[in-house]
Amino acid sequence: TQLLEQSPQFLSIQEGENLTVYCNSSSVFSSLQWYRQEPGEGPVLLVTVVTGGEVKKLKRLTFQFGDARKDSSLHITAAQTGDTGLYLCAGGDNAGNNRKLIWGLGTSLAVNP
Amino acid sequence: DAGVIQSPRHEVTEMGQEVTLRCKPISGHNSLFWYRQTMMRGLELLIYFNNNVPIDDSGMPEDRFSAKMPNASFSTLKIQPSEPRDSAVYFCASSFLAAGEQYFGPGTRLTVT
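Chains G and A supply the protein sequences, listed in that same order. Numbering-wise (the working numbering), the first sequence opens with residue 1 and increments by one. Numbering-wise (the working numbering), the second sequence opens with residue 1 and increments by one.
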């Protein structure tokens, strides 16, 4: 069974601080997606990484896919209150007949003013 | 495009009543997913359809839950009879590929008293 573990589970920081959250698995994924979910809304896709070692930047957010495609990290520089939310990673498996995303439980981030 | 549409947004019902949740996916997407989200268990995949056919329903809790997709633009998730432990936020999502980027609806917050 494929599992994605996210850490930390909860994170509370002050505005302006930097942070990194992690998404780890013992399984290889063909792609890795990061979503952010704000209270009262559904998750919204931030980025998809598909190549081992790939790094993608989205303004102050930097996403990295591990070389072995088993793990990923999300780094936020100079966090803002608008970054508050639940960050979910999801792994894509294009092998086999049952092709679906495997979801982590998320990291709940609170950025305080 | 209007995005994924779900109705109702909120549902409060009494134990034992039938509940029907509705979803309209994004036009052109051929995969549709029903999720349940709770604080304790996070985002759980209940069932997903590919080209209107149920592919994986292993996440459906028990026989009280059923889902249908009569055509490419409509799906329902039914709970009969409902129980207090079914209280959660239910999300519908659609994608072009089953393991691809998913677009979520706003969710239905279900409360069973």
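Simulated from the structure, these hints should not be mistaken for lab results. A portion of the hints provided could be inaccurate.
Claimed, not checked - Okay, the calculated bits of chain A under chain G, using three or more residues with CB under 8 Å as the criterion:
hint: 1; segment: 16-23
hint: 2; segment: 43-53
hint: 3; segment: 104-110
Stated by the list, open to error - Quick list of simulated restraints, FRET-style, between CB atoms:
hint: 4; chain 1: A; residue 1: Asn51; chain 2: G; residue 2: Leu58; range: 27 to 37 Å
hint: 5; chain 1: G; residue 1: Thr62; chain 2: A; residue 2: Phe96; range: 44 to 54 Å
hint: 6; chain 1: G; residue 1: Pro8; chain 2: A; residue 2: Gln80; range: 35 to 45 Å
hint: 7; chain 1: G; residue 1: Ala78; chain 2: A; residue 2: Pro54; range: 41 to 51 Å
hint: 8; chain 1: A; residue 1: Ser73; chain 2: G; residue 2: Asn18; range: 40 to 50 Å
hint: 9; chain 1: G; residue 1: Gly40; chain 2: A; residue 2: Arg41; range: 12 to 22 Å
hint: 10; chain 1: G; residue 1: Glu38; chain 2: A; residue 2: Pro70; range: 25 to 35 Å
hint: 11; chain 1: A; residue 1: Pro54; chain 2: G; residue 2: Glu17; range: 38 to 48 Å
hint: 12; chain 1: G; residue 1: Phe10; chain 2: A; residue 2: Ser58; range: 28 to 38 Å
hint: 13; chain 1: G; residue 1: Ile13; chain 2: A; residue 2: Arg41; range: 18 to 28 Å
hint: 14; chain 1: G; residue 1: Ser30; chain 2: A; residue 2: Val53; range: 17 to 27 Å
hint: 15; chain 1: G; residue 1: Glu38; chain 2: A; residue 2: Gly28; range: 38 to 48 Å
hint: 16; chain 1: A; residue 1: Ser66; chain 2: G; residue 2: Gly40; range: 23 to 33 Å
As the structure is a prediction and not an experimental result, all values here were calculated from the model. Note that the Cβ used here is the ideal one computed from N, Cα and C, for glycine as well.
These are the hints, each one checked on the structure:
1. Under the rule that three or more residues need a Cβ within less than 8 Å of chain G, the assignment of the segment 16-23 of chain A is violated, with 0 such residues.
2. Requiring three or more residues with a Cβ within less than 8 Å of a Cβ of chain G, the coverage given for the segment 43-53 of chain A holds, as 3 such residues are present.
3. Figure legend: the segment 104-110 of chain A, annotated as covered by chain G; annotation consistent (4 residues with Cβ-Cβ distances under 8 Å, at least 3 required).
4. A beta carbon spacing of about 32 Å between A/Asn51 and G/Leu58 agrees with the range 27 to 37 Å that was offered as a hint.
5. One distance hint, 44 to 54 Å for the beta-carbon pair G/Thr62 and A/Phe96, is violated here, with the actual separation near 27 Å.
6. Restraint check, G/Pro8 to A/Gln80: a C-beta distance of roughly 39 Å satisfies the suggested window 35 to 45 Å.
7. For the hinted restraint 41 to 51 Å between G/Ala78 and A/Pro54, the CB-CB distance of approximately 45 Å keeps it satisfied.
8. At about 44 Å, the beta-carbon gap between A/Ser73 and G/Asn18 stays in the expected band of 40 to 50 Å.
9. At about 19 Å, the CB distance of G/Gly40 to A/Arg41 agrees with the hint of 12 to 22 Å.
10. Under the hint 25 to 35 Å, the C-beta atoms of G/Glu38 and A/Pro70, about 32 Å apart, fit the expected range.
11. Between A/Pro54 and G/Glu17 the CB atoms are about 45 Å apart, so this pair conforms to the stated range of 38 to 48 Å.
12. The hinted window of 28 to 38 Å between G/Phe10 and A/Ser58 holds, with their beta carbons roughly 29 Å apart.
13. At roughly 26 Å, the beta carbons of G/Ile13 and A/Arg41 sit within the given window of 18 to 28 Å.
14. Checked against the given bound of 17 to 27 Å, the beta carbons of G/Ser30 and A/Val53, roughly 22 Å apart, stay inside it.
15. Hint check: G/Glu38 to A/Gly28, Cβ distance near 26 Å, so the stated range 38 to 48 Å is violated.
16. With their beta carbons about 27 Å apart, A/Ser66 and G/Gly40 fall inside the hinted range of 23 to 33 Å.
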